[in-house]
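Asks: Sequence:
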Amino acid sequence: MEEWYHYPLLILVGFIVGFINTVAGGGSLLTLPVLIFLGLPPSVANGTNRVGVVIQNLMGTAGFKSKGVSTYPFDIFLGISAFFGAVLGAYIAVDIKGETFNRILAIVMMVVVLIIIFKPKIEAEELIEKIRGKQLWIGIVAFFFFGIYGGFINAGLGFIIILFLHYVNKLTLVKANATKVVVVLIYSLAALVVFVLNDKVIWLVGLVLAIGTGSGAWVASRFSVKQGDGFIKSFLIIMVLIMAIKLWFFN
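So for the sequence shown, our numbering puts the first residue at 337; every next one is plus one.
By construction, these hints were calculated from the structure, which means they are not laboratory data. Please note that a few of the clues may not be correct.
To be verified - Capping the alpha-carbon separation at 27 Å, the derived lysine-lysine pairs in DSS-like fashion look like this:
(1) Lys506 - Lys403
(2) Lys562 - Lys466
(3) Lys562 - Lys506
(4) Lys536 - Lys403
(5) Lys536 - Lys401
(6) Lys466 - Lys403
(7) Lys466 - Lys401
Said to hold, decoys possible - For each label pair, taking beta carbons as the anchor points, the in silico distance ranges come out as:
(8) Ser406 - Trp340: 35 to 43 Å
(9) Ser402 - Gln471: 24 to 32 Å
(10) Ile443 - Phe420: 21 to 29 Å
(11) His342 - Gly469: 20 to 28 Å
(12) Leu450 - Leu540: 37 to 45 Å
(13) Tyr503 - Asn534: 35 to 43 Å
(14) Ile574 - Ile412: 28 to 36 Å
All C-beta atoms, glycine included, are put in the ideal place defined by N, C-alpha and C.
Sequences are here, hints too, so could you generate the full structure?
Replies: Written out as structure tokens, the structure is:
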């Protein structure tokens, strides 16, 4: 990064991504190409991106809490499970071609869209939170595996987390988002440490990006609480479609 305008560009992109990631997910599919375009090697871009992700979810968590939305201690239990998965995921070397990986992820994204569109609507009276007992343990196991992928690359995982929490744990989309940002904050800290220990983080770039992601997350967290589940559902569908098309046709 040699040009001065790279830094305001990073802040702008970070704001957009912070908003997208807090309301839905998939923002890393934008930041990673931008960081690579600005001259960072892919592995360094992946590590540096985690600085923005950590700050983004820290601000998102604060934003939701400022509106009184929290699932504590449920979110902490899931986050700890994902933490251990992320440590493993950050160390995994996956021998797969980038194009093949992107197309597999595109298929996953389209499946998510179909679930969002065709899954029978959960009425408000049916949204009785299931965050203890059996459902808690199911979540702990599932989030360990989510953490593995989150530690590896993280892109697109937010969609899956939101749907899991909504349909398995019966959380409203707003509460699912509030839980997601806490969980991603916890496991992203684990992944960031691994990348730092392997000298894969450029702090100046990461912190400039974090200015944008943190601001976007703060705005998104408070805005989504005000708008409610209808806004989040529509935003999810739009973002999943965009990400799937991008992955399939524009590798």
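Asks: Please write out, lowest number first, the hints stated earlier that are contradicted by the structure.
Replies: 4, 5 and 11
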